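As they're listed, the protein sequences go chains A and E. Numbered by our numbering, the letters in the first sequence go through residues 6 to 278 in order. Numbered by our numbering, the letters in the second sequence go through residues 215 to 820 in order.
Hint data in this document are derived by calculation from the structure and do not stem from the laboratory. There could be a bad hint or two in this list.
[Claimed, not checked] Chain A side only, calculated, beta carbon under 7 Å to chain E, not exhaustive:
1. Asp-75
2. Phe-96
3. Ile-98
4. His-100
5. Ala-105
6. Gly-107
7. Pro-108
8. Gln-111
9. Leu-130
10. Trp-190
11. Glu-212
12. Gly-216
13. Thr-232
14. Trp-245
These figures come from a predicted structure and were not determined experimentally. C-beta: ideal position from N, C-alpha, C; glycine also.
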Amino acid sequence: MSDGQRGISRREALRGAGALGLFAALPARLLADLVELVASDDARGHFLNPVELRTLRALCAHFVPGPPLDPDPGAREAHVAEYIDLLLGAFEIGHPPIFAGGPFSQRDEPGAENDFARFLGLDALEERVWRTRIEGSLGRPEREWNGPVVGWQQRYRTGLASLEAASRRWGGEDFVSLSDWRKRWLIRMADDELEAFLQLAWEHTLEGMYGAPEYGGNAGLVGWRMTRWPGDHQPHTYTWDQVARVDPEEAEAERRALGNAERYLGRKLERNG
Amino acid sequence: MADSAVRAFSSDLAGGAVRRRHFVVIGSGAGGATAAWVLAEAGHEVTVLEKGRNYFRGLDDPKGLALPLFGGDEIRQRRGFPGSDVLAEPRTGRSQSEAADGTARTVTGFINHFPATVGGATTHFDAKMPRYWKIDFEMRSRFGPVEAADLVDWPFGYGELAPWYDLVEEVVGVAGDASATPAFVREQVPRGSYPMPPGPPMYASLEIARGAERLGYEAFPFPMAINSVPYDGRPACHNCGYCSGFGCPINARGGAAVTFLRRALLAGARLVTRSCVTRIGTDARGRATHVEFLQGEHLEPERIEADGVVLAASAVESARLALLSRSSAHPAGLGNASDRVGRTLCFHASTFAGGTVPQRVHAHRGRSTSHCLMEPAVPNTESRVARWAGLPFLRGGVCELGGAPNLIDEALAYDQMPFSDRSEHKSLMRSSPNRDRMLALQMLAEDLPQLDNRVDLDPEVRDVYGLPVARITYSPHRHDRLAGLYWGYQLRKIMRAAGAESAFFLPHGVMSPLANPVSQPLHMGGTLRMGADPASSVTDEFGRIHGSPNVVVADSSVFPTFGAMNPTLTLMAVALRSATALAHGESRARRGPRFSQGHQDNTERS
Numbered sequence: 006m007s008d009g010q011r012g013i014s015r016r017e018a019l020r021g022a023g024a025l026g027l028f029a030a031l032p033a034r035l036l037a038d039l040v041e042l043v044a045s046d047d048a049r050g051h052f053l054n055p056v057e058l059r060t061l062r063a064l065c066a067h068f069v070p071g072p073p074l075d076p077d078p079g080a081r082e083a084h085v086a087e088y089i090d091l092l093l094g095a096f097e098i099g100h101p102p103i104f105a106g107g108p109f110s111q112r113d114e115p116g117a118e119n120d121f122a123r124f125l126g127l128d129a130l131e132e133r134v135w136r137t138r139i140e141g142s143l144g145r146p147e148r149e150w151n152g153p154v155v156g157w158q159q160r161y162r163t164g165l166a167s168l169e170a171a172s173r174r175w176g177g178e179d180f181v182s183l184s185d186w187r188k189r190w191l192i193r194m195a196d197d198e199l200e201a202f203l204q205l206a207w208e209h210t211l212e213g214m215y216g217a218p219e220y221g222g223n224a225g226l227v228g229w230r231m232t233r234w235p236g237d238h239q240p241h242t243y244t245w246d247q248v249a250r251v252d253p254e255e256a257e258a259e260r261r262a263l264g265n266a267e268r269y270l271g272r273k274l275e276r277n278g
Numbered sequence: 215m216a217d218s219a220v221r222a223f224s225s226d227l228a229g230g231a232v233r234r235r236h237f238v239v240i241g242s243g244a245g246g247a248t249a250a251w252v253l254a255e256a257g258h259e260v261t262v263l264e265k266g267r268n269y270f271r272g273l274d275d276p277k278g279l280a281l282p283l284f285g286g287d288e289i290r291q292r293r294g295f296p297g298s299d300v301l302a303e304p305r306t307g308r309s310q311s312e313a314a315d316g317t318a319r320t321v322t323g324f325i326n327h328f329p330a331t332v333g334g335a336t337t338h339f340d341a342k343m344p345r346y347w348k349i350d351f352e353m354r355s356r357f358g359p360v361e362a363a364d365l366v367d368w369p370f371g372y373g374e375l376a377p378w379y380d381l382v383e384e385v386v387g388v389a390g391d392a393s394a395t396p397a398f399v400r401e402q403v404p405r406g407s408y409p410m411p412p413g414p415p416m417y418a419s420l421e422i423a424r425g426a427e428r429l430g431y432e433a434f435p436f437p438m439a440i441n442s443v444p445y446d447g448r449p450a451c452h453n454c455g456y457c458s459g460f461g462c463p464i465n466a467r468g469g470a471a472v473t474f475l476r477r478a479l480l481a482g483a484r485l486v487t488r489s490c491v492t493r494i495g496t497d498a499r500g501r502a503t504h505v506e507f508l509q510g511e512h513l514e515p516e517r518i519e520a521d522g523v524v525l526a527a528s529a530v531e532s533a534r535l536a537l538l539s540r541s542s543a544h545p546a547g548l549g550n551a552s553d554r555v556g557r558t559l560c561f562h563a564s565t566f567a568g569g570t571v572p573q574r575v576h577a578h579r580g581r582s583t584s585h586c587l588m589e590p591a592v593p594n595t596e597s598r599v600a601r602w603a604g605l606p607f608l609r610g611g612v613c614e615l616g617g618a619p620n621l622i623d624e625a626l627a628y629d630q631m632p633f634s635d636r637s638e639h640k641s642l643m644r645s646s647p648n649r650d651r652m653l654a655l656q657m658l659a660e661d662l663p664q665l666d667n668r669v670d671l672d673p674e675v676r677d678v679y680g681l682p683v684a685r686i687t688y689s690p691h692r693h694d695r696l697a698g699l700y701w702g703y704q705l706r707k708i709m710r711a712a713g714a715e716s717a718f719f720l721p722h723g724v725m726s727p728l729a730n731p732v733s734q735p736l737h738m739g740g741t742l743r744m745g746a747d748p749a750s751s752v753t754d755e756f757g758r759i760h761g762s763p764n765v766v767v768a769d770s771s772v773f774p775t776f777g778a779m780n781p782t783l784t785l786m787a788v789a790l791r792s793a794t795a796l797a798h799g800e801s802r803a804r805r806g807p808r809f810s811q812g813h814q815d816n817t818e819r820s
């Protein structure tokens with residue numbers, strides 16, 4: 006029986022085995038440039054307007070504060086809000102940055118090619134699913150295999166507006182102007198609908214704070230430096246001893262760093278690590 | 215690579231005249247890849263249909279594999295890469311009591327999803343490859359019956375499977391140390407040496423092992439399909455740390471794609487990705503004639519004729535596909551004349567123990583675990599707790615010793631703490647009590663089969679392909695909850711003996727197993743179980759569906775009981791045996807992988 010009779014061309018079969026056509030032609034610097042474009046206070050985002058972006062920056066910075074509330078850089082310095090805005094506008098920039106490439110970032114090697122920065126291209130099915138997730142189903146039958154979907158774009162637009170409305174209702178100020186403790190209380194008192202949005206924003210904040218920087222967040226690797234997390238650092242990895250034993254130099258450096266942070270926060274250093 | 219046994223098996227498969235037939239293999243994971251290799255080596259025409267995409271490079275290149283597209287990227291993993299998108303393919307779930315009340319579902323979303331991608335779940339597994347024990351094949355006759363559980367024996371025993379285990383270990387490359395294995399384990403799994411020595415021990419694993427040894431346990435290197443030395447053209451693991459849940463960036467892990475599937479492709483099998491099978495068609499006698507599927511990114515309806523079909527889409531998806539394959543000969547679904555398809559679904563009963571220590575344990579270096587202990591897998595027939603509860607025994611399972619390796623997972627975990635308002639977030643992330651200072655241990659225990667734990671088709675919820683999704687009805691047996699509780703206390707003692715300042719455990723069933731991914735072990739089986747009697751099983755001892763003998767199930771769906779060990783090695787060994795019967799007939803399969811030399815000597819030889 007020929008391939009044609011089975012409805013699968015030889016080319017289709019080989020495509021399966023070869024992983025061809027997966028790379029999008031996304032220049033390595035493009036994402037960083039896209040983030041920089043919207044990182045100023047009055048900039049318009051790739052999806053969010055300047056007011057929404059400002060509120061989101063304040064929310065993310067409240068979730069993960071930086072100086073002066075905390076000695077280490079936080080979400081504002083890590084460009085977390087810009088990471089989220091880029092995700093919401095993923096289909097506005099030509100090559101949606103959904104799945105970074107691989108296998109190695111080589112970001113410790115100046116001038117080396119960074120595989121992560123070459124994002125994988127989505128095929129038509131993946132694009133349909135990701136557009137549904139981000140943009141919502143928008144009444145399109147091909148996106149409503151399980152009924153209508155409210156996308157992340159709408160959830161952020163509505164959620165940020167609700168946050169502002171709650172802030173004004175409570176104290177007459179916009180969210181950005183609230184003191185830290187007032188932001189905290191406002192969030193703790195959120196109703197179910199607002200809480201669902203805050204949970205989504207919290208998870209995205211953690212991704213933008215602690216994920217691979219190629220997605221637009223974790224600028225300057227501040228999330229990894231604070232946590233002493235090595236991140237992807239391949240192809241150089243660990244020796245047998247580094248896997249099997251406590252690293253005395255690392256332990257001492259960590260003890261110093263932790264002590265500095267705790268002293269900054271005015272706490273007693275209790276750990277002896 | 216010491217592949218003399220592999221060469222001999224391939225040579226034996228290729229020898230002897232066979233009528234060249236065309237087999238369609240559904241799924242390219244552990245079972246499908248293994249079966250495809252056997253069938254292709256035997257000279258048959260083989261088409262592997264894989265629902266997902268391919269992220270390997272050079273699988274069919276005789277000159278060698280190139281580096282794949284996997285990498286240490288936690289965001290990509292959280293976004294369902296590769297191939298676990300719960301918006302596209304949700305599952306639904308409910309408990310047994312909710313089902314009895316007529317509740318359609320209480321959970322929609324993630325339930326024990328495996329990646330739909332070339333290589334299946336072995337693209338993200340951490341390659342722990344212990345053998346099932348002798349008693350795992352004889353639970354009913356040795357320890358049963360158990361009230362409210364459908365405990366049965368397997369149709370064959372450890373001795374029958376042992377030479378197939380040897381062959382799988384050689385193909386995928388298992389690293390281990392037979393001499394360090396405790397005597398009570400060696401008695402259950404008599405075996406020779408491993409193809410490779412173990413890799414570097416993790417500091418966190420060693421610390422827990424030392425604590426366990428203080429209490430009289432014998433921890434030892436976990437048998438794992440991760441290269442400790444270059445093997446079969448693939449490099450040794452370089453300890454990057456992005457292991458469990460991530461694809462291996464250098465092909466050091468012996469998953470299905472770079473081992474069995476690669477061999478199958480080099481032997482002439484063809485792989486067609488983005489092929490979502492929607493139905494197995496049968497003739498009036500019930501035999502499979504063709505497979506219908508949606509091909510490519512635009513989901514074009516296709517049909518492929520077949521002399522035989524290998525069903526290996528995973529325990530949930532294979533059962534779902536059988537239920538979708540209704541025909542005049544199988545009006546209730548393929549092989550479902552006795553309403554057994556989808557029943558006796560087993561996960562492993564997952565109990566987690568953690569302990570915070572003063573020092574950093576850097577579990578992000580190396581494999582996700584390097585040592586195990588197996589004492590809890592010994593059924594205790596003298597257990598006072600079991601006797602008090604009216605159970606004939608109490609059994610836990612294998613325990614994986616390690617730590618918590620992922621940063622975003624850690625950040626999310628602190629949010630689960632009671633009354634957390636996130637104000638301590640940065641202090642917690644700096645001091646890292648739940649990651650870099652945490653020793654972690656997971657027990658995967660026997661999940662007793664129950665007829666009411668099952669997969670069926672959700673009456674309303676659909677996937678992106680327009681098909682009814684799998685609905686999972688599941689409640690743990692009280693034995694499994696009791697074993698989780700009993701062993702949880704013991705495991706917490708181990709944590710304290712290892713120096714933990716604080717220790718805790720989460721026994722199986724304390725959180726809803728379907729609503730909470732933490733309690734899902736990403737193992738599953740039992741939905742198309744093997745047996746001699748069509749009234750109480752779906753497949754025979756070679757995985758052939760009763761009433762449709764040219765459909766062979768080659769994944770863990772066929773397991774009659776789910777054992778107390780990680781299942782992949784056993785899955786592959788059973789798939790090898792079943793595929794050999796499909797390729798050459800059951801008499802050659804019964805003789806073991808060395809057809810021409812009789813049954814392989816499998817006694818201790820190291």
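Verification of the supplied hints:
1. Using the Cβ-Cβ criterion of 7 Å, the hint placing A/Asp-75 at the interface with chain E is satisfied: the shortest such distance is roughly 5 Å.
2. Interface restraint check for A/Phe-96: the shortest CB-CB distance to chain E comes to about 15 Å, outside 7 Å, so the restraint is violated.
3. Because the smallest distance between the Cβ of A/Ile-98 and any Cβ of chain E comes to about 17 Å, over 7 Å, the interface hint for this residue is violated.
4. Here the hint on A/His-100 is broken, as its CB sits about 15 Å from the closest CB of chain E, past 7 Å.
5. Using the Cβ-Cβ criterion of 7 Å, the hint placing A/Ala-105 at the interface with chain E is satisfied: the shortest such distance is roughly 5 Å.
6. Because the smallest distance between the Cβ of A/Gly-107 and any Cβ of chain E comes to about 3 Å, under 7 Å, the interface hint for this residue holds.
7. With its C-beta approaching chain E no nearer than about 3 Å, A/Pro-108 sits inside the 7 Å limit, and its interface hint holds.
8. The restraint placing A/Gln-111 at the interface with chain E is violated, with a minimum CB-CB distance near 11 Å, outside the 7 Å limit.
9. With a least beta-carbon distance of about 5 Å to chain E, the hint placing A/Leu-130 at the interface is held under the 7 Å criterion.
10. Here the hint on A/Trp-190 is broken, as its CB sits about 9 Å from the closest CB of chain E, past 7 Å.
11. With its C-beta approaching chain E no nearer than about 5 Å, A/Glu-212 sits inside the 7 Å limit, and its interface hint holds.
12. Annotation: interface hint on A/Gly-216 holds; nearest CB of chain E at approximately 4 Å, less than 7 Å.
13. Interface restraint check for A/Thr-232: the shortest CB-CB distance to chain E comes to about 5 Å, inside 7 Å, so the restraint holds.
14. Restraint check, A/Trp-245 versus chain E: the minimum CB separation of about 4 Å is within 7 Å; hint holds.
In the structure shown, a violation is registered for the earlier hints numbered 2, 3, 4, 8 and 10, in ascending order.
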